[in-house]
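Please model the complete structure; the sequences and the hints are all you need to start from.
Keeping their order, the protein sequence lines are chains A and B.
For any residue, its number in our numbering is found by taking its place in the first sequence, counting from 1, and adding 266.
Residue 34 in our numbering sits at position 47 of the second sequence; the count goes up by one each step and never skips.
These aren't lab readings, by the way, just hints derived from the structure by calculation.
In this text, a Cβ means the ideal position worked out from N, Cα and C, and glycines have one as well.
Do not rely on the hints blindly, as some may be mistaken.
[As the list claims (entries may be wrong)] Chain A stretches covered by chain B per the calculated footprint, using a threshold of three residues with CB under 8 Å from any CB of chain B:
1) 354 to 363
2) 368 to 379
[As the list claims (entries may be wrong)] Reference excerpt, derived from the structure (chain B facing chain A, CB under 7 Å, subset only):
3) Pro127
4) Asp130
5) Met132
6) Arg134
7) Pro150
8) Pro154
9) Trp216
10) Gln219
[To be verified] Computed far set for chain A versus chain B, every beta-carbon distance over 10 Å:
11) Ser291
12) Gly320
13) Thr325
14) His387
15) Pro488
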Amino acid sequence: MNDEHRSGGVPVAIEIAITRKSFRSASGFGNDVLADIAFRLETGTITAITAPSGAGKTTLLKIIAGLDRDFDGRLDSSARRVGFVFQEPRLIPWRSVFDNLRIAAPATPTSELDALLGTFHLEQHRHHYPHELSLGLARRVAIARAFVVHPDLLLLDEPFVSLDERLVNELRQELIALVEANRITTLLATHDIAEAVRIAERMIVLDGHPTRVVADHPLREPRNERSDTFVSRAADAIRSRRRLV
Amino acid sequence: MIWRAASLAALLILWQTAAWLVGESSLPSPATVALEIMREAGSGALAHNLGATLARVAAAFALAMTAGVATGYAMGRSPGFDRVADPWLILLLNLPALVIIVLAYIWFGLTEAAAIGAVAINKFPNTVATIREGARALDPALDEMSRAFTFSRWTRMRHLVIPQLAPYFAVAMRTGLSLTWKIVLVVEILGRPNGVGFAIGTAFQLFDVGRILAYALSFVAIMLVIETWVVQPFERRASQWRRPGRN
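Laid out in structure tokens, this is it:
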């Protein structure tokens, strides 16, 4: 909490340094999943973490959210409100879409909740229950819920996986607009490198056993100027570098 | 509702046939029992005894449910507490109702408090076991979500825990009501001067099968009403969100 102003006056929201994170298996042996992962997230930027499936991205996000404190290392976080979009939407099944938002931020006026439903095109689903929604709609509600708490840290765990491309494009635009408007420090975990290149200002590539940081790329091209060719070229470059490790 | 009525009608026919076969003194016919109910109701004895039993059932049930839900939830959530309390629970589950009742009367006298307390202690371990099952089955993914979004304790209880425990609560309620009233009768026959159990005890000494059935059926009717108008609506409410097409 003492790192509000470091490195030449640039405010640092989150600084994470994991020396080791292991899970104990049923037979009692420790299994290291993460090692030597250290980076910091600058305020108001979108950082993408890419790693193969099953490499511990979700574990890393939980540590950064403060949900898992059982690791060697340290977490300096000045984030007071965390918006977490889990890989499965994790909505409350017995509460309506509207109530799911309201329960996350009880003090929010109804007009603001309705505005947020509008932003994510969910007005017609206000009174629906989560099991009545498609996966794409449920994801939207989960993302809306993450914004309703006015997060200063937004964590997204594979938010676009198994959605069709048109929906992904739409959802990505909405997400970027909201993050930029509110200067929210954002961390996006994905296994899709091209996806990460489209959305992020910085990419951290994780790989290996146990998983560690193998590359850390800034993406300086402004987001709206990233053409499809740029995206595929950048993604190829990152993929080929990963193979060298 | 129609099926329920038809099923009850079939039971009445079966009963009438059996009464013809074995004779009125062993098994009085439905009409005889109905007359008996009317006579007891007319004298005021029926209302007096039903009221006494119902009050005991309500008190013992409320006591056992409150303590049982709290203990069961704590045991379901805390493995340490569960390890310590589990042997006690097994002991209580297997202690015969009669032993608890007799001991309560010996230790605390033939009092109302001893009677209600003994019934509550009999019902308590069932509630604990049922609610513990529910508390163990709470969805860890939702729990993690609530921690990420820093839900208040009250929000967590109201929107996550209670809705997930509601079906288990309904089971505890349903099994609890019938168990409680059966044990209340034993308590009454052994040491209370009123109630359905007391009335049946008196009728037993006179081999008055008609009165025994009159009291038993009157009370079953009351329980049926509670089941239909209290327990079932509660269960429906608890599972309402599952049903599609509400809009």
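These are the hints, each one checked on the structure:
1. 354 to 363: holds (count 6)
2. 368 to 379: With 3 residues closer than 8 Å to chain B, the region 368 to 379 of chain A meets the three-residue bar; holds.
3. Pro127: With Cβ-Cβ at 11 Å, over 7 Å, it is violated.
4. Asp130: violated, 10 Å
5. Met132: holds, 4 Å
6. Arg134: holds, 6 Å
7. Pro150: Holds, because the Cβ-Cβ distance from proline 150 of chain B to chain A comes to roughly 5 Å (cut-off 7 Å).
8. Pro154: violated, 11 Å
9. Trp216: violated, 23 Å
10. Gln219: This interface hint is violated because 19 Å lies over the 7 Å limit.
11. Ser291: holds, 18 Å
12. Gly320: Nearest chain B Cβ is 18 Å from glycine 320 of chain A, so the label holds.
13. Thr325: holds, 12 Å
14. His387: holds, 18 Å
15. Pro488: Holds, since 31 Å exceeds 10 Å.
Checked against the numbered hints listed earlier, the structure breaks hints 3, 4, 8, 9, 10; every other hint is satisfied.
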